[in-house]
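Same order as they appear, the protein sequences are chains A, B and C.
Sequential numbering of the first sequence, starting at 29, is according to the numbering used here.
Sequential numbering of the second sequence, starting at 245, is according to the numbering used here.
Sequential numbering of the third sequence, starting at 109, is according to the numbering used here.
Just so you know, the hints here were simulated from the structure itself, not pulled from any lab data.
Bear in mind that the values here come from a model prediction, so they are computed numbers and not experimental data.
We treat Cβ as the ideally placed atom computed from N, Cα and C, and that holds for glycine.
Hints may be right or wrong, so weigh each one.
Unchecked claim - Among the chain B residues that face chain A by a calculated CB cut under 7 Å, a handful are: (1) R264; (2) A265; (3) L268.
Claimed, not checked - Counterexamples of contact, computed for chain B against chain C with all Cβ distances above 10 Å: (4) R270; (5) P274; (6) V283; (7) A304; (8) P343; (9) F363; (10) A373; (11) P376; (12) G392; (13) V427; (14) V451; (15) R456; (16) F551; (17) A566; (18) R601.
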Amino acid sequence: MAKRIEAENVTAYYGGFKAIENISLTVEPKTVTALIGPSGCGKSTFLRSINRMHEVLPGARVEGSLTIDDQDIYQRDVDVTAVRRMIGMVFQRPNPFPTMSIFDNVVAGLRLNGVRKKSILEEAAERALRSANLWDEVKDRLGKPGAGLSGGQQQRLCIARTIAVEPQVVLMDEPCSALDPISTLAIEDLMFQLKDKFTIIIVTHNMQQAARVSDRTAFFSIEKTGDPGRLIEYDNTQKIFSNPSVKKTEDYITGRFG
Amino acid sequence: MSATVTTHRQQPPAQPVTLRAKRLPRYVPPALALAAVVVAAAIVYGAGIGGPVLVVVVGALLYLGGLFAAANAVEGRRSARDRTWSALIHSAFVLAVLPLASVVWTLLSKGAERLDGNFFLTSMNNIGARDPEGGAYHAIVGTLQQVGIATLITVPLGILCAIYVVEYGRGKFAFAIRFFVDVMTGIPSIVAGLFVLAFWVLIVSPVFNDGRPGFSGFAAALALSVLMLPTVVRSTEEMLRLVPAPLREGAYALGVPKWKTILRVVLPTALPGIVTGVMLAIARAAGETAPVLLVAGGGAAINFNPFENNQSSLALFVYQQAGDASRYAPARAWTAALTLVALVLILTIAAKLLARRNRLGR
Amino acid sequence: MGESPHRSANAGTGGTNVTESREWPAGASARVAEAPVSTRTPEGPGLGGGGALPRARAFGAERAFRGLTLAAGTAVLVVIAAIAVFLVAKALPALRANTENFWTFEGWFPNDPEPKFGIGALAFGTVLSSVIALLLAVPVALGIALYLSHYAPRRVGTTLGFLIDLLAAVPSVVFGLWGRDYFSGPVADLSAWLNRYFGWIPLFGGDGPFGASILLGALVLAIMVLPIITSLSREVFLQTPTANEEAALALGATRWEMIRTAVLPYGRPGIVAAVMLGLGRALGETIALALTLGITFGISVNLIENGGNTIAANIANAFGEANDTGRGALIASGLVLFAITLIVNITARAIIHRRREFTESAA
Numbered sequence: 029m030a031k032r033i034e035a036e037n038v039t040a041y042y043g044g045f046k047a048i049e050n051i052s053l054t055v056e057p058k059t060v061t062a063l064i065g066p067s068g069c070g071k072s073t074f075l076r077s078i079n080r081m082h083e084v085l086p087g088a089r090v091e092g093s094l095t096i097d098d099q100d101i102y103q104r105d106v107d108v109t110a111v112r113r114m115i116g117m118v119f120q121r122p123n124p125f126p127t128m129s130i131f132d133n134v135v136a137g138l139r140l141n142g143v144r145k146k147s148i149l150e151e152a153a154e155r156a157l158r159s160a161n162l163w164d165e166v167k168d169r170l171g172k173p174g175a176g177l178s179g180g181q182q183q184r185l186c187i188a189r190t191i192a193v194e195p196q197v198v199l200m201d202e203p204c205s206a207l208d209p210i211s212t213l214a215i216e217d218l219m220f221q222l223k224d225k226f227t228i229i230i231v232t233h234n235m236q237q238a239a240r241v242s243d244r245t246a247f248f249s250i251e252k253t254g255d256p257g258r259l260i261e262y263d264n265t266q267k268i269f270s271n272p273s274v275k276k277t278e279d280y281i282t283g284r285f286g
Numbered sequence: 245m246s247a248t249v250t251t252h253r254q255q256p257p258a259q260p261v262t263l264r265a266k267r268l269p270r271y272v273p274p275a276l277a278l279a280a281v282v283v284a285a286a287i288v289y290g291a292g293i294g295g296p297v298l299v300v301v302v303g304a305l306l307y308l309g310g311l312f313a314a315a316n317a318v319e320g321r322r323s324a325r326d327r328t329w330s331a332l333i334h335s336a337f338v339l340a341v342l343p344l345a346s347v348v349w350t351l352l353s354k355g356a357e358r359l360d361g362n363f364f365l366t367s368m369n370n371i372g373a374r375d376p377e378g379g380a381y382h383a384i385v386g387t388l389q390q391v392g393i394a395t396l397i398t399v400p401l402g403i404l405c406a407i408y409v410v411e412y413g414r415g416k417f418a419f420a421i422r423f424f425v426d427v428m429t430g431i432p433s434i435v436a437g438l439f440v441l442a443f444w445v446l447i448v449s450p451v452f453n454d455g456r457p458g459f460s461g462f463a464a465a466l467a468l469s470v471l472m473l474p475t476v477v478r479s480t481e482e483m484l485r486l487v488p489a490p491l492r493e494g495a496y497a498l499g500v501p502k503w504k505t506i507l508r509v510v511l512p513t514a515l516p517g518i519v520t521g522v523m524l525a526i527a528r529a530a531g532e533t534a535p536v537l538l539v540a541g542g543g544a545a546i547n548f549n550p551f552e553n554n555q556s557s558l559a560l561f562v563y564q565q566a567g568d569a570s571r572y573a574p575a576r577a578w579t580a581a582l583t584l585v586a587l588v589l590i591l592t593i594a595a596k597l598l599a600r601r602n603r604l605g606r
Numbered sequence: 109m110g111e112s113p114h115r116s117a118n119a120g121t122g123g124t125n126v127t128e129s130r131e132w133p134a135g136a137s138a139r140v141a142e143a144p145v146s147t148r149t150p151e152g153p154g155l156g157g158g159g160a161l162p163r164a165r166a167f168g169a170e171r172a173f174r175g176l177t178l179a180a181g182t183a184v185l186v187v188i189a190a191i192a193v194f195l196v197a198k199a200l201p202a203l204r205a206n207t208e209n210f211w212t213f214e215g216w217f218p219n220d221p222e223p224k225f226g227i228g229a230l231a232f233g234t235v236l237s238s239v240i241a242l243l244l245a246v247p248v249a250l251g252i253a254l255y256l257s258h259y260a261p262r263r264v265g266t267t268l269g270f271l272i273d274l275l276a277a278v279p280s281v282v283f284g285l286w287g288r289d290y291f292s293g294p295v296a297d298l299s300a301w302l303n304r305y306f307g308w309i310p311l312f313g314g315d316g317p318f319g320a321s322i323l324l325g326a327l328v329l330a331i332m333v334l335p336i337i338t339s340l341s342r343e344v345f346l347q348t349p350t351a352n353e354e355a356a357l358a359l360g361a362t363r364w365e366m367i368r369t370a371v372l373p374y375g376r377p378g379i380v381a382a383v384m385l386g387l388g389r390a391l392g393e394t395i396a397l398a399l400t401l402g403i404t405f406g407i408s409v410n411l412i413e414n415g416g417n418t419i420a421a422n423i424a425n426a427f428g429e430a431n432d433t434g435r436g437a438l439i440a441s442g443l444v445l446f447a448i449t450l451i452v453n454i455t456a457r458a459i460i461h462r463r464r465e466f467t468e469s470a471a
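From just these sequences and the hints, can you work out the full model?
And the structure:
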């Protein structure tokens, strides 16, 4: 159920500002791909353009082509909601719906898709929570508000909510940046398990994290503030971190810049 | 884990195989709208049950129904709901704009009729039913004095009260103050008027007044104070709570005593927000008619002394002219209403502009 | 009677709601209040040296200032108490002089040698007109608020939102004047039409004349509270965390589904507060109704025939000719009005607090 993603010359704008330019890369199914680079280099913008969340912001638009198993998601007659159902997203800060219980949070996506039957929802919720390694912690308080959990639990709840609709790709936008080291470890373990089923793309500022969890790494950078972000190097993680072919990547990885 | 997944493989939601969706062609909604109006006109005029207004209403309902059906058939239920709600929300907007625009238009066009120097420079003293002149000078004086006095009473009292609640108050007493300020926000303006009537006009002031009830501008100011006080307390309270703790702690760490910290650090930081709250309270008080009607007594002549004899106010003037039989009265009422709205809006706009520059606000 | 929409919807009903939980933590100021530093004075020879710390002064500026604020706080309580005491003191003699049942008698003749007056019809008219006004205004107001916050282009939304805020500040006497002079005609036509085709429903029965009716009063009230409710609920909708809206969209929600999953539940306490503030306004509204209703003193569900009355409008109308007992009777009716608005406010707060568990942690 995981799918291959091919980006070709993707350029994204915020109004008149060009945030990324001519990004081309291919993500293989059932892998974890890390997007790294200095702040403002457009990794999050690129990530958000993969499930068309970029255009939610007023004035934002995307050019170029992004195909998922040979379907261009930016074609005119494509249903945006179908794209987002196929490509789930986990955000930087845990964002469970504050007015909903843990259970309601997990099944929110299913309910949107018209699933009403209690037994199906319950099974799906358990499955998603188990996959997110959260089931044992919350199984006795599914009716309590999701916002009452700890930060790490909330983020795993959000992951459960995302995978409950069984997407094929999961995008993660710095999912651990608001979490403590132990919760971060839990999420990293989780990514390792999830890669059996999903294609995962993760934006991270933490290079150890990129090195630990990802199979492939893409390094983004900008010349100077105001310039669009570009893809500098894209290769196997091991290669990027041991023997990068571009000088700039090496500088960044060794901490000489960024 | 993967085993669990496979056993439930037949479960929904089925992921879409294709991302493409059928969409209603662009021309469909306008075409539907046109058809709805035509059908509505046929029904309404055919049955002879109404005029153009009914055609629009029936047409709108038909359009909503038709849009839902069409979208449901082509795009599916979710998209149909989305479209229908979107149409409903847009029509709510149109529906509300009509009467509100009518109010504004009437106010401007009717209010302009008597917008002359005479209106602002004369009172209604010795103006009979057949006199086209007469103005609101006395009412403007009354409004300014009453609102001014009310502000002088409310602002120090309200701000000090809020400081007590936020900075010093603890336990049941502060809670009681907060609770009763909340209760006070719910007092209808006419009840505030009745209170001042019972308390000041009928019981206290007759003592200084040879036993006659003392209707006066000051009584109106008291009533307006009762209405303004909770607003001022609450907005000040909220602004004080927004002052960042490090600011106070910094002052305490320098050994500045608490009262000085409050006066020199906390209040100045919160000031723009407090001023905004006060101005909005003033704007609201200036527009109040009911309490003034009960305790100021009205009156046609100019009275600069708010403590003695009847006084009018702009809002009261509008109400009295509205009830006047003279054929010149409506024009006076509308012009006074326009003046009042201008006054209130200037205060409101100024308050909002100030709020926008507020460092503490959002 | 909070008027400033930027303070969100809790103005009218008081009470903690969503907004407060996102403000500065209340604990911050409390902690500061307990700081012992407050009683120390920095001056004196001990400063910077190794000498003993100066002792706290028993009477000083600190005490005086604290006493001043305490006095202000007490004054507010005194005002509240005074309102209750004086209103009751003036109302009781009139109620004693009443020769009919205050709750059930349909009529208002307190100035007669044998005073007869009853609140029933007035209270009924007050509640009826306000409820109809709210039923008409709330859906439209929420629709506009959603339009301004989530459908209109941002610049349009901001501009129109500002205009709505201004309309919310327009004094009620203006709406009353407009309703009487320009809106009664169309409403009379509508009433005649309703009477002709739906006359079999008691609400729209009767033989006329139509126009100065509960329907007109309720419509004017609705138009008057519309900007107030819109302005407050727009603020509430705008405060929905973007993160939650994006979460809904990322799950594949349409715009309406996003509003239903993220915006409406989050804003519910605020909406309730806004509606209750509008209801409070409508219940207490005096002048707009005094100008538009055709005064009668009976309980009737007929909405379109001339007539109808409310407590507040009756006070404004009957005040001029009232003698001492008459004033007492009006004050008694004012107490009933206050009780009604109080019940509304307390109910609102109960509704807001009921789901507190879920809104408290909304950060």
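Checked hints:
With 7 Å as the threshold, the beta carbon of B:R264 comes within range of chain A, its nearest partner Cβ sitting at about 5 Å, so the hint holds. Using the Cβ-Cβ criterion of 7 Å, the hint placing B:A265 at the interface with chain A is satisfied: the shortest such distance is roughly 3 Å. A distance limit of 7 Å between C-beta atoms decides the matter here; for B:L268 the minimum to chain A is near 12 Å, and the interface restraint is violated. At the 10 Å boundary, the C-beta of B:R270 stays outside the reach of chain C, the nearest C-beta of that chain being 18 Å off.
Non-interface call for B:P274 relative to chain C: holds, since the shortest CB-CB distance, roughly 18 Å, exceeds 10 Å. Interface exclusion of B:V283 from chain C stands, the closest Cβ pair being 19 Å apart, more than 10 Å. Distance check on B:A304: its Cβ is at least 13 Å (rounded) from any Cβ of chain C, clearing the 10 Å threshold; non-interface status holds. Look at B:P343: its CB is around 5 Å from the nearest CB on chain C, not clear of 10 Å, so calling it non-interface is violated.
Under the 10 Å C-beta cut-off, the non-interface status given to B:F363 relative to chain C holds; the minimum distance is some 16 Å. No Cβ of chain C comes within 10 Å of the Cβ of B:A373; the nearest lies about 18 Å off, and the non-interface call holds. Every C-beta of chain C lies more than 10 Å from that of B:P376, the closest at about 18 Å, which supports listing it as non-interface. Distance check for B:G392 against chain C: the nearest CB is about 18 Å away, which clears 10 Å, and the non-interface claim stands.
For B:V427, the shortest C-beta to C-beta distance to chain C comes to about 7 Å, within the 10 Å cut-off, and the non-interface label is violated. With a closest Cβ-Cβ approach of about 15 Å to chain C, B:V451 is found to remain outside the 10 Å limit, as its non-interface label requires. Every CB of chain C lies more than 10 Å from the CB of B:R456, the least distance being 13 Å, so the non-interface label holds. Look at B:F551: its CB is around 20 Å from the nearest CB on chain C, clear of 10 Å, so calling it non-interface holds up.
Against the 10 Å criterion, B:A566 falls within the reach of chain C, whose nearest CB is about 5 Å from its own CB. With a minimum CB-CB distance of about 12 Å to chain C, B:R601 clears the 10 Å threshold, and the non-interface call stands.
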